[in-house]
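Participant: Residues per chain are reported as follows:
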Amino acid sequence: MIYREAGDFKTTYKADQDTFPIRFDRVAFWLSIFVVALIIPFFVNDYWEKAVFLPFFIYAIAAIGLNILTGYCGQVSLGTGGFMAVGAYSSYKLMTSFPSLDMFVVVILSGFVTAVVGIIFGMPSLRIKGFYLAVATLASQFFLVWLFNKWEWTYNYSATGQITAPERDFLGIVVTGAYSDPWATYIFCFGFLFIFGWMARNLVCGHIGRSWMAIRDMDIAAEIIGVNPLKAKLSAFAVSSFYIGVAGALYFAVWLGAAEPTEAFSIDKSFDVLFMIIIGGLGSMTGSLIGAAFIVLLPVTFKTLLVGFLGWPTDIAEFIQIILIGSLIIFFLIKEPHGIAALWRTLKQKLRLWPFPH
Amino acid sequence: MSLKAVETFVTEDGRSIGPVILEVKDITLKFGGVTAIQNISFDIRGGEVRAIIGPNGAGKSSMLNVINGFYHPQEGEVWFKNELRAPMKPYQIAYQGIARTFQNIALFKGMSTLDNIMTGRFTHMSSGIFAQAWWKGAAEKEEFSNREKVEQIIDFLEIQKIRKTEVGRLPYGLQKRVELGRALAAEPRLLLLDEPMAGMNVEEKEDMSRFILDVNEEFGTTVALIEHDMGVVMDIADRVVVMDYGKKIGDGTPEEIRKNQVVIDAYLGISHD
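So the sequence lines, in the order shown, correspond to chains Y and A. According to this note's numbering, the first sequence holds residues 1 to 358 in order. According to this note's numbering, the second sequence holds residues 1 to 273 in order.
I should point out that these hints are in silico values taken from the structure, not numbers from a laboratory. Just so you know, even glycine gets a beta-carbon here, dropped at the ideal spot from N, CA and C. Heads up, a few of these hints could be off.
To be verified - So the derived list for chain Y, only partly shown, Cβ under 10 angstroms to chain A, looks like this:
#1 D16
#2 L203
#3 C205
#4 E223
#5 I224
#6 K231
#7 L333
#8 K335
What the hints assert, rightly or not - What follows is a set of in silico ranges between Cβ atoms, one per label pair, in the way DEER data are often shown:
#9 Q74(A) / G130(Y): 27 to 35 angstroms
#10 D214(A) / K231(Y): 30 to 38 angstroms
#11 V116(Y) / F219(A): 38 to 46 angstroms
#12 Q17(Y) / N201(A): 30 to 38 angstroms
#13 Q74(A) / R26(Y): 27 to 35 angstroms
#14 Q74(A) / I120(Y): 34 to 42 angstroms
#15 K109(A) / L230(Y): 46 to 54 angstroms
#16 K129(Y) / F144(A): 32 to 40 angstroms
#17 P21(Y) / V202(A): 32 to 40 angstroms
#18 K231(Y) / T165(A): 23 to 31 angstroms
#19 Q74(A) / F143(Y): 53 to 61 angstroms
Excised from the complex, chain A in its bound form:
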């Protein structure tokens, strides 16, 4: 831990990424007799785009659920910002600066785009119930300063037009974008994306990749994503973890992963041309 925390790492495209901000050590997660994750360790460095790939049922989403506190692993440790994390509730982890999106969109369907993203600022708003009821003064000021941040995100994601639309009525691609906006609104240190491009067409995938890279570069947010589109993963990820049947079978830069025989056998396959 101590050494890794300071050492920097140079990626394939020559970017230097920071010290480790999150490390999972020997995580084992069981549901009854089923072992979803077996003895997995890896780290996420500050400022990088880290991809987690693997076939269906490999335990990728479970891994994200461990990181943001939905599941409590039977064995293993999670270190965040150089501290061993005590078992926590998901909402406490949100206050630590970890945000995420879901594989199946989990937006607040009855609320407008604006309200959804404003809800993402929840951890930054603290006025009490009486101040809220009175509204004038503190509550109003807090609302508008947060609204300004939200408007920046709306501009960034180019969703100005649907600001006041109920999200339930939006097309799938836009809903995914709003969900990203909601996670970004929290200004997280670490952003977990569970299949941000699932079910999208090529154009939407390109937009989403661009947003993820921009978030990473402009805001310096560390991104960990699960994705099945290998083209996208190899393009945007700095380092890749490969999982299969709950075990880690590969970890390294995209180039290393592409050459890794175990990964090729289990997941990537070979091209038949």
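So here's chain Y without its partners, still in its complex pose:
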């Protein structure tokens, strides 16, 4: 390995709790943030924005949200698509009802609306666990999509049943609608990922995050320590839904620009985000990011490689991609439930000691 941690002693609890306890990691992290936030925006074009960066940022926020609920609190949810729809439709209603509202405020408020909906659909978790809870959240997925199809008020009685994002700005910079600049939407979404990623990390390291993990690992012991299961589970549902709502709002308003519930927020979305956290790593913030990058980039890479270079038909490339993702999920569930993030940790551990085995 190119670094050693010998001599890197911690003298305060603050230093001990750092996200990146090793100096090299810390420098590398801030360097990459610098590149992503201040250099790429100058070069980003429409293709990279729409095909790579926006989906990655937005899915990463959703994956962090689902990871809080499933990875940290142990409550399986298949309602991600439905909750994203709640975020998207709340942002649509807010944008059309209050045209002067800043887009940042719109997205945050959509998150809070989704959090409330999440709490309501999280209530069954107090009674049922595991597989049965997954089925209960599946009901929320279908119910919410049905609701946004049938309840005309939510799409302002438009004839097509579609919602289209009007032009709105963030501090005077246009971030939604057809005339938004790639760099503006890029910075806008990256800002959300950065701020809320940081907050999620704070939450899971504090006593609330520990109460979630306690419920996940041993709910009886958590209860005798003073964790109220009702509060812990519902707060996990609320926070998770908030993140997914924010992701849903950005997904519709900034990335797609227009959406229709059956297509954009189908059960496939729920599974996509679930696959992200399984492949990336359950109960890991890095895992959420790796998983999102993996699921977003794989189709793009396959298209470029197989269709672009080798000239294969598009459908074959797509089937190969589906087969690959499916087998990877099976592999990770059996071999490494903590995903790529855990593989990375093991690799680092091995490299630290290299060339010695122990």
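Guided by the hints, dock chain A onto chain Y, whose structure is given.
Facilitator: Same frame as chain Y, but now just chain A:
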């Protein structure tokens, strides 16, 4: 109740222990047709080590479950700190100052030793979700002041080396020790230990006995423990309750229990040497 609450008690080794802090009165607990506990009353005095012994299935663990609110008995009363306790959820009882460990280790397997013990401080941490998300300021300060308490417990239990190890990977004896640490982190008035030495070798048992006595003496924590190793019980307990088939068959100092004919017949037996 009134008299017992003030009166002190002198143990066999000459220690004087305080007034009653917990009293169970005429507890009867039934699961359908099975009576797990029948009409049991006893008290726990402040600062003592109280042992509950008896053969398997005597209802000892059920008794602890009644004390910390997992089971709600059909009949009887629990008095804690001179107050009749209303039926409560286990997490509310944690806030009253009762902590416990389990017979089969119930640690949070996916978390590090440090996080497990930090979770034990849950009742002492109150910052809200927004403060936690922002972290700087109140949440951070609260975290570090609690971390200091946890580090004292880690020092006390001599588990500094495994601070950052995931507890699922620790050997059994250490897991038991971490679980004790998690219960201690709550700074309980009353500590319930369900077979803290089950499955341990002699050396581990000696360590654990030493920790229990130290906790009792240094922090003044009242300890109620269930244990099968009679040598240990007679050594460390100030008073002993004996249960058999859900009934109380003996209550007194270790010396009294050793001589109690009913207890000898039901549980202790006689030595054949």
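Participant: None of the hints should be skipped; say for each whether it holds.
Facilitator: Taking the hints in turn, this is what the structure says about them:
no.: 1; hint: D16; result: 8 angstroms, holds
no.: 2; hint: L203; result: 5 angstroms, holds
no.: 3; hint: C205; result: 8 angstroms, holds
no.: 4; hint: E223; result: 5 angstroms, holds
no.: 5; hint: I224; result: 5 angstroms, holds
no.: 6; hint: K231; result: 9 angstroms, holds
no.: 7; hint: L333; result: 16 angstroms, violated
no.: 8; hint: K335; result: 17 angstroms, violated
no.: 9; hint: Q74(A) / G130(Y): 27 to 35 angstroms; result: 31 angstroms, holds
no.: 10; hint: D214(A) / K231(Y): 30 to 38 angstroms; result: 34 angstroms, holds
no.: 11; hint: V116(Y) / F219(A): 38 to 46 angstroms; result: 44 angstroms, holds
no.: 12; hint: Q17(Y) / N201(A): 30 to 38 angstroms; result: 36 angstroms, holds
no.: 13; hint: Q74(A) / R26(Y): 27 to 35 angstroms; result: 59 angstroms, violated
no.: 14; hint: Q74(A) / I120(Y): 34 to 42 angstroms; result: 36 angstroms, holds
no.: 15; hint: K109(A) / L230(Y): 46 to 54 angstroms; result: 23 angstroms, violated
no.: 16; hint: K129(Y) / F144(A): 32 to 40 angstroms; result: 35 angstroms, holds
no.: 17; hint: P21(Y) / V202(A): 32 to 40 angstroms; result: 39 angstroms, holds
no.: 18; hint: K231(Y) / T165(A): 23 to 31 angstroms; result: 29 angstroms, holds
no.: 19; hint: Q74(A) / F143(Y): 53 to 61 angstroms; result: 41 angstroms, violated
Comparing the model with each numbered hint stated earlier shows that hints 7, 8, 13, 15, 19 do not hold.
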